[in-house]
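Visitor: Top line first, the protein sequences correspond to chains R and X. Position 208, counted from 1, in the first sequence is what the numbering used here calls 208; the numbers after and before it change by one each time, with no gaps. Start counting at 1 in the second sequence, then tack on 1000, and there's your number in the numbering used here.
To be clear, the hints were calculated from the coordinates, so they are not data collected in a lab. Virtual Cβ for every residue (Gly too), placed ideally from N, Cα, C. Keep in mind that a hint or two might mislead.
As the list claims (entries may be wrong) - In silico contact screen, one side only, chain X against chain R (beta carbon under 10 Å); selected entries:
hint	residue
1	1013
2	1014
3	1029
4	1032
5	1049
6	1058
7	1179
8	1198
9	1229
Residues per chain are reported as follows:
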Amino acid sequence: MFHAKRLVLAHFWVAFIAFFAAILLGEWQMFMRSPLHAWINNPEHYYRSVTAHGTVMAYVLPTLVAMGFGYAITELTLKRPLIGLRWAWAGFWLVIAGTLMASVTMGVGKASVLYTFYPPMLASAFYYVGIVLVVVGSWIWVALMSINLHRWRRDNRGATVPLAMYGNLAGAYLWAWTSVGAAVEILVLILPASLGLTDTINAGLARVLFSWTLHAIVYFWLMPAYIVFYTMFPAAIGSRLYSDTMGRVAFALFLVFSMPIGIHHLFADPQVGAGFKFMHAAMTAMVSIPTLLTVFTIVASAEIVGRLRGGTGLFGWVRALPWGNPMMLAVTFAFIMLGFGGAGGLINMSYQLNESIHNTQWVTGHFHLIFGGAIVIMYFMAAYELWPNLRNCLPLSPALIKTQLSLWFGGMLILTMPWHLVGLLGAPRRMAYYDYTHPALQSQAITVTISTVGGLILVVAAALFLYILASARRTPAPVPPYAFSRAAHPHARTPAVLNEFRLWIAMMIALTVVNYGYPIYQLAMTPQAYVPVVPIGAR
Amino acid sequence: MNTPAESGASGRLARLCILALIVVTVLSAMAGFLWLPSVQADFAARGLWDSICRAAGVSRDWGSAGGASQAPAVATNVILLPAMVRPAASDVVGRGATLALNCSMCHGAQGMSRSDAPNLAGQYPEVIAKQLNDYKTGKRSNAIMGALAHGLSERQIAELSAYYAALPKARTAPTSYDEALPALVRVGDPMRNIAPCIACHGGVDQKLGAPWLEGMPRHYLSEQLNNFKSGARHNDGEQQMRNMARSMTATEIDQVAVFYSRKSGASPD
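Turn these sequences into a full structure, and let the hints steer you where they fit.
Guide: What follows is the structure, given as structure tokens:
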């Protein structure tokens, strides 16, 4: 790498320290509402903690990881210094300023609105301004990624964009477009109300605009994980990527289909028509295609090395895989969690099945399994893989890494499986306490205790993660630049449409207009949709 | 650089992708707006165009679907807005003080009642305004208050609210977190859907339109809770108090009333 090392390190350190603080809050919440502790005396403290945990995990951690990882990919794959280093630092400090502003507001109890901040609940304006700063900081990153790629293309006419950079840009463009929904919601609807300029708010429209961001943000979180799957995993296990083109197809499909599907979060909302709910459900189903393509391609890439190592037969190559390799373990764990979480997700996105689990603990279980499990474990791997380059250190201890990954995997399953179960039994999410003495709930008490133990294991795993990174031993010898995976057929021609983004961005925007245009127009034109605001913690 | 043949292939691929997306979109739209509504009786009742409009969420005709249209029954005509809380000018408070001479017989000279009428000193302005409006429009009924509020103008109601809000609160110790608080006040009862009192009436949060209760006459509090429970009082806009009180037992109503009535300036305990 050239001169983005400190930049990347700053992003990663802040992201991971904030992550650790948020995980402590998460475990505290789990403990407080478990039968191991008496009912929390002040539920407001619980919701304050939920807001902070969600805000850090959903906005701060993934944004900083995607930004830092993106800067690293730019220098490593384009093999030239990052253009706009000062702007990148400005973006970083904006994210930091926004995080601090939102944190202080949450800390003093003026923003206990949960990280989804659904109106008509209203927090102090400082909370929303903090979120906006985080988003604006990330927009600088989007612009820099685009500029860097553009300049590189200009200097390398006709060359194929490296796959990691292609995925990186897909994530950046996806984020640029998906963050527009929440940005409009905050700037047009929430901030005027929060500043006291208006007394009513179009709650239905705000929810629809938030759903614009709410689901696609998940794929923005996911992109770095998929980049690791495609461009780090094959190299780490001594294999090659089975198909470079398939990776591009997956990234392009995510760009098109992850955006216009967010109304599946609003199945219980009366203000959205059933026809649009169905369309969003159908489009959500389309997102399983790039995921399944990815699983196929990555497993095929593993099969290459399994067979090279002497594995034969239908499944013999599985045994021959390099199971001692941390990356092998991490991707296996990620796929298992992605499998369970994805199966649960199919239930969430089905209009009718959703009825039985809507707003229950099941949903919390689902997104912890997918994001906290499958995605974050890949964030760990991205950091582990890049660390020798970033810190000029010796390779990190595989034994420690494997312990850490196993703890994370085990802890996440122990945390989320009971959540799925009690969700099916009807346990609502976002409750500060449950009456476990009630006969109807008594049998569920043990599952909450099990989840608390799972959470504790996750705390240990997160601490171990920080320890592994912090204890890396620096070496005076230069560390060669990180090399991303090569394709099995490196000289295959990449179709032009899969080497650029114009078509996919046009499709993304067109589909958004079709799927969101009328619901937004209709709600904006409905005066009865305005309801009085409910300020939280104002008195 | 791509050869012309490759460019042509790439162009064909792009066109294929666009076509596929259009087909997927049109098919899912047809399923969502035509096919699925057609098998739902209430969607399909009034023809194809109407069922498409309903599936799209057009709201205009939904109210009259059930037959004769009638105004929905609302609990109160008052919409609580943060603007109602803004501090009033001193002349407004002064005019309110003059008007309040009519109220002192029951509510006390300084808004501190010696009878079982509620204390008004320091009450939140939107609370007074809402209750007076509800008495005026008959949404809350009381023989004396209905007659008195009947003649009040919007402006006079605002002046009275500003006056009482400006008086010092009767309570010396606002309710705050304490293990010793009665369970219903502190944590409610989740399995009966009873929210804690302090979630709205001060302690955790003080919601717009929720009065402060400390030091209110015990009889007044238990009477109001019983009226909410029976539905005799029904001017809570979202039915929030009727829903809370409905599953409270007589003993619990008494406990809560005793708790809040004792937290007065006169007997702080």
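Visitor: Evaluate each hint against the coordinates.
Guide: Hint check results:
Contact between residue 1013 of chain X and chain R, as hinted, is supported at the beta carbon level, the nearest pair being about 6 Å apart and thus within 10 Å. Nearest Cβ of chain R to the Cβ of residue 1014 of chain X: about 5 Å, under the 10 Å cut. The hint holds. Proximity of residue 1029 of chain X to chain R holds as hinted, the smallest CB-CB distance being about 6 Å (cut-off 10 Å). Checking residue 1032 of chain X against chain R by beta carbon gives a least distance of about 3 Å; that is within 10 Å, so the hint holds.
Taken as an interface hint, residue 1049 of chain X does not check out: its beta carbon lies about 13 Å from the nearest beta carbon of chain R, beyond 10 Å. Given hint, residue 1058 of chain X at the interface with chain R, holds; its Cβ is 7 Å from that chain's nearest Cβ, closer than 10 Å. About 6 Å separates the beta-carbon of residue 1179 of chain X from the nearest beta-carbon of chain R, less than 10 Å, and the hint is met. Given the 10 Å rule on beta carbons, the hint for residue 1198 of chain X holds: about 9 Å separates it from the nearest Cβ of chain R.
Below 10 Å, beta-carbon pairs count as interface contacts, and residue 1229 of chain X has none with chain R, the closest being about 21 Å; its hint is therefore violated.
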